[in-house]
Every structure is written in structure tokens, then in C-alpha cells.
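The residues making up each chain are set out below.
Protein chains: 4
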Amino acid sequence: MIVVMHPQATPEQIKNVEERLTELGFKTHPIYGQEKTVIGAIGDKKSLSSEALVTFPGVEKVVPILKPYKLVSKELKQTKTTVRVGTVEIGSDEIVVMAGPCAVESVEQLISSAHRVKEAGAKILRGGAFKPRTSPYAFQGLEEEGLKMLSQAKEETGLPIVTEVVDPRDVGLVAQYADIIQIGARNMQNFRLLQEAGMAGKPILLKRGLSSTIEEWLMAAEYIMDTGNEQVILCERGIRTFETATRNTLDLSAVPVVQENSHLPVLVDPSHGTGSWKYVASMAKAALAAGADGLLIEVHPEPSRALCDGPQSLNPDKFKDLMEKLKPIAQAVGKRI
Amino acid sequence: MIVVMHPQATPEQIKNVEERLTELGFKTHPIYGQEKTVIGAIGDKKSLSSEALVTFPGVEKVVPILKPYKLVSKELKQTKTTVRVGTVEIGSDEIVVMAGPCAVESVEQLISSAHRVKEAGAKILRGGAFKPRTSPYAFQGLEEEGLKMLSQAKEETGLPIVTEVVDPRDVGLVAQYADIIQIGARNMQNFRLLQEAGMAGKPILLKRGLSSTIEEWLMAAEYIMDTGNEQVILCERGIRTFETATRNTLDLSAVPVVQENSHLPVLVDPSHGTGSWKYVASMAKAALAAGADGLLIEVHPEPSRALCDGPQSLNPDKFKDLMEKLKPIAQAVGKRI
Amino acid sequence: MIVVMHPQATPEQIKNVEERLTELGFKTHPIYGQEKTVIGAIGDKKSLSSEALVTFPGVEKVVPILKPYKLVSKELKQTKTTVRVGTVEIGSDEIVVMAGPCAVESVEQLISSAHRVKEAGAKILRGGAFKPRTSPYAFQGLEEEGLKMLSQAKEETGLPIVTEVVDPRDVGLVAQYADIIQIGARNMQNFRLLQEAGMAGKPILLKRGLSSTIEEWLMAAEYIMDTGNEQVILCERGIRTFETATRNTLDLSAVPVVQENSHLPVLVDPSHGTGSWKYVASMAKAALAAGADGLLIEVHPEPSRALCDGPQSLNPDKFKDLMEKLKPIAQAVGKRI
Amino acid sequence: MIVVMHPQATPEQIKNVEERLTELGFKTHPIYGQEKTVIGAIGDKKSLSSEALVTFPGVEKVVPILKPYKLVSKELKQTKTTVRVGTVEIGSDEIVVMAGPCAVESVEQLISSAHRVKEAGAKILRGGAFKPRTSPYAFQGLEEEGLKMLSQAKEETGLPIVTEVVDPRDVGLVAQYADIIQIGARNMQNFRLLQEAGMAGKPILLKRGLSSTIEEWLMAAEYIMDTGNEQVILCERGIRTFETATRNTLDLSAVPVVQENSHLPVLVDPSHGTGSWKYVASMAKAALAAGADGLLIEVHPEPSRALCDGPQSLNPDKFKDLMEKLKPIAQAVGKRI
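Protein chains in written order, with our numbering: chain D, 4 to 340; chain G, 4 to 340; chain A, 4 to 340; chain Z, 4 to 340.
Just so you know, these hints were derived from the structure itself, not from any lab. Any given hint could be a false lead.
Copies of the same chain look alike in the list, so a pair counts if it fits in one copy or across any two.
[Stated by the list, open to error] Computed list of lysine-lysine pairs in DSBU-like fashion (alpha-carbon distance at most 35 Å, straight line): (1) K151 / K77; (2) K281 / K157; (3) K330 / K205; (4) K39 / K323.
This one's a predicted model, so the numbers in the text were calculated from it and none came from an experiment.
Looking at chain D on its own, in the form it has when it is part of the complex:
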């Protein structure tokens, strides 16, 4: 930690800060510049209130030096983590595409989707049984009935299931059916849900929050890993910006930033990232070229009748076409799909 003092800070104020740092267990190294004094503070003590030093008289700012995360960090573990689900290995040279409808609506809709996405090359089936919706009047999901349909689809197709949980009380139930538990963007900082889901012992797909920095996202992953669960898959799905031509702004640079700082695999969701099926193919290709380990794509047998996120869903034919086009891109970055 570096404490930067005001140009007008008095020697006594500097002394007070040094004393407080010592009291907190740090060793101090003051550097007296021409305009300002800065105090380097060394120590491995996790100080709960070191940020509050900024309220000391004469302090201009406090600059942290160490990263706030440990377990997710590449500094701790240099080799890449892979998450195995059945025969699928996420984070390997094989691009993993998870596809299916936004919400489970009926057995027919789901099974039909499952067969079509499997034929096209998807490795995991997605589908929401619990839906976090902006409006209380919107379709909220089929809940346990939806989970059962997912289970049935898995039986018929052999595709493992990824599905979202929105309430800590449902984690046990969802974990019975899901192969991967999804934490949605709106719940990225629902810390109780992170902890409960982490303890379920299943792989977790952690979506980035709409307005979360990459650091906050990694801190959310840290919450999960702190429960002892190392099977965390990150998923970039667009952040909120001023641009309105797309539903969100898909931040593909998050892929190399995550890969520089963490050992966890990272997927991209171009459906939520753009909000329009027209842009999904371009951004799916871009995501693979940027180095993503996989994709999450919404596919609906009849998007114009979808109860949720129809505008951003591909129909099965368009999805199949996209999967074909992804192959040479995967190859171009030394992977396969």
C-alpha cells in the first residue's frame, strides 16, 4: 500500500500516519519528494480498515498495490484451470458451445431445441427454469417443472445441462438437476447465492454483472472458490454503457484481460451481449478469435413466439449455419469445435 500525503501535510501528520500503519502491522518506508511525501507500507496483514487511512489529516490518497484476489489469480496458479462436465472439458483446446432457449417453456420446445443444437455441435444444453425478469408481470419460469423437463432433455440427448439459480433456497433443488449451475448477471454480487451455490459442489458458470468491473467479477469468483469449489467458469455477457444500438456492449477485451490475470476459463454470451440475433454470428466469431474458451448462445425453435428474449434468439437453422462458420475460426486460433 502507498499512502500519498498532501503537499501541505505537516511532519506531525506524516508521523501520525506512520504510527497508525505500524499499529496495523505494516512496516513503513517514507519517500520525501519535492512536492509530496509518499509512505510505502509493507505487510501481509489483511487490514480491515486500511482504506480508512484516507480520512487521516494530511492524507491525499491511498493506493493499494496488491491485487484483492488470491485464489482466482494467475499469480497463485499459473496453469489454466479446466472444468470437466461429463466428457466435455471447458478451458481446453476444444471450444465448448452451450446453446438452447432462454427459458424452458414446454417439453416440446425444449426437446426440439436440444436435438437441433446437439446436431449442430453444441456440447451443453442451456435453458432457464428460474428467470430473473425486470417486470413482475413477465414470465418467471416453470421452476421445478422446468428442471424436470431439462432432465428429460438430457436423457434424450445426452447433453449435460446448465441452468440458472436465483435464490439460495433453491440451490439444493437446482443442483439435483444441473450439471453446471449458472449465476446470472444480476446476481453476480448476490454474495449469499455465490456461497450457497459454491458449496453445492457443482461447476459454476458465473456471468459478469452489467456494471461490474473485471476486478469485481474476479472477486465474485473468489467468493465461490473461497467455499472450496474450484470449478468456476466465467462468462462475459455485455456491460451497460450509453450505447443503445445494442442491448449491452459486449466487452470482448475482457477475454484477454481475464486470461492475463486469472487461470479460470472464460466464455462469451453474444446473445445477451448484443440483444439482437442479427449481431450474434459476428460476435460469436469475434469471441473465439479473441480467445474465448466457449460460447453461450440462445436458440429457440420459433424466436418470434419465445416467452423470453425472442429478439436475441437464433432459430435452429441459423444456429447450425453459425456453427459451421465457427469451425475455421476455431482452427485459426489453434482450437477445434
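Starting from the known structure of chain D, fit chains G, A and Z onto it as the hints suggest.
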């Protein structure tokens, strides 16, 4: 709802859209312009998938006309809602200031804070027993022990209590102690928590999410009101923008925007809104001048030793000074404090 | 400057960085922590490429310690700057309101506006002769003819004139007519225009850019002061965020932040800040309560027929009413209007 | 245009709006819904003040239906525009990479860069002679001397030149040397510069503003095309968001959005888009996969000594390596490089 067709839309595409709208229960009113055709669609049917019309061939965009919220809307209820807590009435001509530490840390810290904020004129005591923290290694709150301390502080000072709940499973427990249940910014779209808290029958303080539009915030309030709970207090606490000189950007224009669209009272939290005690007084004054019904302010007996949010906490002397300065502002807008 | 080294940085990499710092004229102070080494670098040399140190092998990041601005800084000049225009002093205990139409449209429109805003208590007349418009098909201003009308309005009412310049080639012309030269938000980083306007020797009203940090805004003011012109007035006018209920998000916390870091006076423009006349009064009051030195308000004799920014313009009656309501607010913060 | 009336709007208010619309040259089509009346307004009249209708009593909002741009629009011209510079055709099946240093610093630096980027496959040489810098104390460019060096580099290598202009007064000078005139992000809404540059008759590279919507960007291109210049090349270079891990957030979805709405070619600048050389390769690959027509990449012989943007510059070896890796990506999307 207005459906705007592409300039190259064919008569058949227009017909298909009209048929689908009719099927969904709307009456259609096409308007044929020189460049484009638009179709007005009238109907009170809550169509679950009308947004998906944008996927029809030939459709350029779908423009909703009706507001998505009802219960919170000023169109439904023109008179302002006031929320009564003991002898305090939030939403009246009396400015209500809620003050206290970010987190409950100990009996001494809390009781000392409570006495000092009461003397200065605060009407409600705030303090967190459950803390949503970005880092799993940060102080997470004293939980039930903290709630008991809040209860003790209430007994000693007579101040009603506002405190946060972060997990649907804790709502019952928190409701036993709290006079007002707070839903924090990170949980604004934790819909299960909104519903569970709504059903507890206590007034709810609903903070705006870091990246939530005002419309989404009102939709979150709609979730609570949809449980039958009409005692909702909104609280603006800053949104996330590119500016880094302040922790968040306090969006004071949210106050008149809310007041134009909703009957619910609205408070402002200048502590979280700025992230620095230096700016709290200016923004507290500005909030009252903008028309806010009250304030939420962090006060700590010794901010430099606070376990949470020290940098943005006022010490009791500064808080007292601020309360004095707020009086003429309140008067200037026809209120009292 | 602090150079933070990677945890895996080698002694040689650290040595290389120290050598480069020495070569650039800095004295180095390495601090060896348990995880990382940081190197403090002291020196008043303005190093043109010190940021490029981040490309050295083993460097994690470079943290600047000194503020990038000097002339605008409160560290350099602790007393507040006041800018005198005729008998008006901006930055004093007297709130200065600048009002008038967005664009000069005709002599009648302008003179009528001028009389009405003067009667209501405005001290400066605003009006645009050169208009930067998003569309090439929108009204671009009356140019020199408009400047002449402003001059005529000044003669009739005695009100000094503030008007915008958008092209370095027009600075001489505008300076002949204007008492204060305005640099608009879109031109805040049009550095050639800043320099040319600075050299005209007239007071400059510098609006904050739509997506400019406060630091960048102060750097733009530094460009003007660097020409030798000390008469700079800052004006917050809203920043671009994800919120769409208002045209921009008025960042009132910029007022205390500027006042903490700079000696320059700061105004607020609630018309552009909100984009809707309905919210102007609330935010004008809030701006004064936050400590602003004055206001910039759009007033049009008939907003519904304005050629520019009608939706955010007050009519003269509403403006008069607002001016009355501002009086007690000004008084409440120890000022007059 | 659609005018949405308030639920409480009176029949007279509706009549007033219809009369005003008729006066402005529109035909009106009212639709009476159960809650609200909306008025469709048809007409090709460019009404200068139609947005001001929102100030009429009883009006809730005004929804424009037609796009604000014409000349840049795909509705006007369905075939893609290609811009020819020497033997290079931008917007064709051949990916065009423009590379070189941020700023021209010396003949040696520039010529060395030029040779190296040419060898690696770049088709155009970039380099700034006029630099818009946040700080007045930063290196501002070599101006005409820099242009002459660019000219010399062109002679030696045969590479056409793209270089920035920042002042309308320099357009003539820059046009003498440049094959493509660049308008930088900070000047995207410097409308006078757009017009002056447009009239120079050279191809224009128009970078997207830091906080500009795609629509505003296209409107800026419309300004250029309105001067009669059809040779406009768009360039996405990152927008400003809350994320600080990258200098800007590269909005790659702008590529398909532009391609859906406009016939103009679009490049991507991953150097400014990320601000760090570490992320340039990933985002360059992603840009091509997303469908970009080319790239703008900063290459410096010795980034750690660059006077400008060193942190985001590739050295020639890394650039060469990247160009190799781009080949299979280009092929994968049916192009060549």
C-alpha cells in the same frame, strides 16, 4: 405499441405482422408513410412475447407506448404516498434524516453513534448487521448479534431502526428487529429478496442499483408493491459512470424524475453517492434543494477506524454541523427538518 | 511516480527500470515487499515518456503521484479566482445567472428574451450564433448576423453577452462581440480552439465534455491558462451515462470536487444537464445548494417554436418564478442573487 | 413521427397538437387507445423544431420514426462503398492494415517503422504530425516537419499515408501530404473540421468519439458526405465506460451495427481500443472475425521510448507475428490480408 416496418417491407410482411398482433389480442391501426409503414397496436392484453415481434421479417423496431409499471405510477395514484414509522412520516413536509454507521461493529460504537445522531436531529438510526462486501475477506457484519445491538440502541434512544437484508432466508429475522427493511443497491434486482421482504409487511427502503435506470428501479418497487406492500421508500445512492473522482455519480435528477412518474417518497444517500466525507455536506444540501424527502447519511464515531466505508463517514461533530446547515435549505423549499 | 513490479520480476528487470528512471532524471527509492517490489521515483523533470515504462519487462503498472495540472490547481493558488465582467463578479458571494435562448433566431426573439431575463434578475445574456449540431440538416446559427443581434440586445439592456465559438478562425470575430467566450462541451478537447480562445484575452466559459473526467476538464482549463489567460469559468453541464430519462446526467458532485482541487469558479447548466424544462428548477436549486457560483439557463419566449433545444427551455414566466425560488436557497448557503 | 399524449390529455390538447403538426406540414393520424392517444405524423418536411412538440401541454413524448441520416444510409445505397487509395481498396475482400507510430518523432523512427510494417504486410503508413494531447505539457507533434517526414517515408516505401488533422486551418496543408485525412475521436463532433476536411477531396478516416453513439458517428459521417465527399472510412476505437482494466472499451459490435445501417467501410483500432499492447493481438483477431474491413495498429521501433502511446504500441517483431496470425482469421471469414 407501435411496430415500425422497414422501408423495404413487403405488403405481405405487413399483413403477417397485423395477423400476429390480432392473434395476440391487439387492434391494429396501420399508417402508411412515404418511407415507412408503422402499425399502431391497441389492447390491454399483457402480451408476454410482444417484444419478439421484432424478429418478424420486415420489422425494423417495436416501440412500447405504455409504461411498464402500474402500482408505483403517478398515473394510477396522483397523491403522494407517505410512509409512517413510529411518529415519523416519510414523504411529508418534514425532512427525515436516517443516520448511523455503515456497519454495526460493537455496542459502544453503535450506542454512541445513536445518541449523537439523535441529538443532531436524525429521526431514524441506520446500521448494517448483514454487509454485502465486494471481497470475501472483508468484514461481513455481526449478523443477529448486530441486530440485537440495533434493538438495544433503539431502546436507549427511541430511534426506529433501518437495516439491510441480503438473503431471503434472513427476512423473518431482520423483520423482527427492523422498523424499515433496507434492500441494498446490489440487490435491487434480486427479485426473490424483493418479494420476500415485501411480504414481511414492514416498510422497505429500496436503493437504486449501481447501473439501474430509473425505470428499472421503479419496476423493482413494483415487485414489492405487487406483494401488497405499499410502504416503499426509494433511495438514490449514485450510479456507476466513467468518472473516478467520486466513488459513484450521485444522480440528483432522479429526484424530480421519480416525483414526476411515481407517488413514492424518495431519499438520497450522499455518503455512498460520493464515497468521500468531504463531499457529503454539499450533496446533502443539494439533495434537499432538489426536493428529496430525506437523507441517508453514514456517521461513525471514529471514521479512520471504521471497519466499513470509513472514507465516506462523517464524524458526529461534522454531522451536527451539517444538520444545522440543512435547516435553512429545508425552509427554502417549504419544508422543515 | 511509483513503478509497481510484477511478483515474478527478476532482480535484473528491477535494475533495468531503475537505470531507465535514472536516465530520465529521477531519483529511485525501491521498496522490497513480500510479494512485490515497488520503486518510488522522485524528480521534477517532466518526462515525456514515463508512462511508457509500463512496457519494460517485469513492470506491472505505473502509478503517477503528482497531479497533471499546475496553473488551475489549488495547490498553486489557494485563494479563489473571481472573473469580472462589467459590474458582475463571477466567483463571489453573488450568484450569477446567465440566461437566454439556446440559439439567436431573430432580433425580436432575442431582445424580448433579454428584457425578460434581465427583469427576472439574470446578470448575463446567453445566446448562440454558431451552433454545433449533431445533424448537418439542423439549424446551424445565424453566425455574424446573430452576433450583431447579441450586440444590439446588450445595448438595449446593458446585459453583457456570453456566446459560443466553434472554430479557431472565428475567435477574432466572436471576441469583438462577446464579453465571455463560451467553449462548448463538444469542443472541450478541441485544443486548438482552447488556445486560440485563450489568447483572445476575454473571459472563457469552459463547459465540461460529455464524457470528460473532472481531471480532463481541469487539463482543458490548463490549456487556456497556459496562454496567459487567467479568466476561466468552468461549467458543469451533464455527462453521458446509461440513464435515458434525462438527456445527460448532471454531475453536481463535480462542484465540490472542482472546489477542492481548483481555484476557478464553477457554474452549472441545468438545461443541458437534464434536457427537460420540467427538471430545470429542481436542479438549479440543487446546484446553488451544492455551492455553484452561478447558473446557465436556457430561456425562450416560446419554447415550442424554438429552433434549438426547445424541450429544455423555460418560458420567461417560469424563469421568473424560478429566480424567486432561488433567492432563499442562495441565502441559505450564505450568498445572494 | 409519433406523438404520445399523456393519459390525462384533454381533447383540446390533442387538437392543439394536431393543428401544430398540420402547420408544420405533417398529415396526422390519431390512434385512440384505452389509456393513451398517440398521433402518427406523416410528412417529408424537415421540421426544424418538431422535437419541441414535447413542450405542448398534454404531450408525454415524441418518438421519431425516420433515421436522422440519409447519405450514409444503406436504405439509400445498398451496395457497399469501397475507398481506393493508390492500389489499395478499403471495403473490399482484402483486409487493409494501417500501421505505424502514434506520433512522428524523427526521420529515423518513422522510416524504420515504415519499412518494418510494410515488410509485415501493412498497406498504409500511419503517423501523427499534429497530436491532440490531454495535457498542454505533452508532446504536441512535429507539425509540418512531421508531414514532410511522412512524405519521405512514402517515397522510400511506396506506402500511402494516413495522418490526423486537428484544426480547420491546417486542412490544406495536411491534404498536400496525406493520402487519407484522419479525424480523431476527440474531433468527431468538431463539425467545422469535418466540413473543411470533407471539402479537401481526399478520403477521410473518421474515428468514433469516446462517448458517441453509433448514430452520432454516422451523423458525423453525414456531415462529410454532405460536402460531396463520398470517400469516408469509419474507425471504431473504443468508447468510454466504467471499466478501467482497459483504456477504453472496444465496442466490436459496432462493426455489424454499422454494416447493417450503412454502406461505408469500417475499420477497428485495437491499440486505442485497449490501451495496452498485451491485448492488441486478441482484439485485432476479433475485429477481423467480427467483419471489419481493416485495422489501424500502432507500431513503434522502441515502445518504451515512444513520446506518445508507448504502452499500447507493438514493436515491429510483435506486429509481424500478429500479421501472420491474422491470415487464417481473414481466410476464415472469406477475405485475404
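Hint-by-hint comparison with the structure:
no. : hint        : verdict
1   : K151 / K77  : neither (38 Å within a copy, 42 Å between copies)
2   : K281 / K157 : within (29 Å within a copy, 41 Å between copies)
3   : K330 / K205 : within (29 Å within a copy, 40 Å between copies)
4   : K39 / K323  : between (62 Å within a copy, 33 Å between copies)
Hint 1 alone, counting from the list given before, is not met by this structure.
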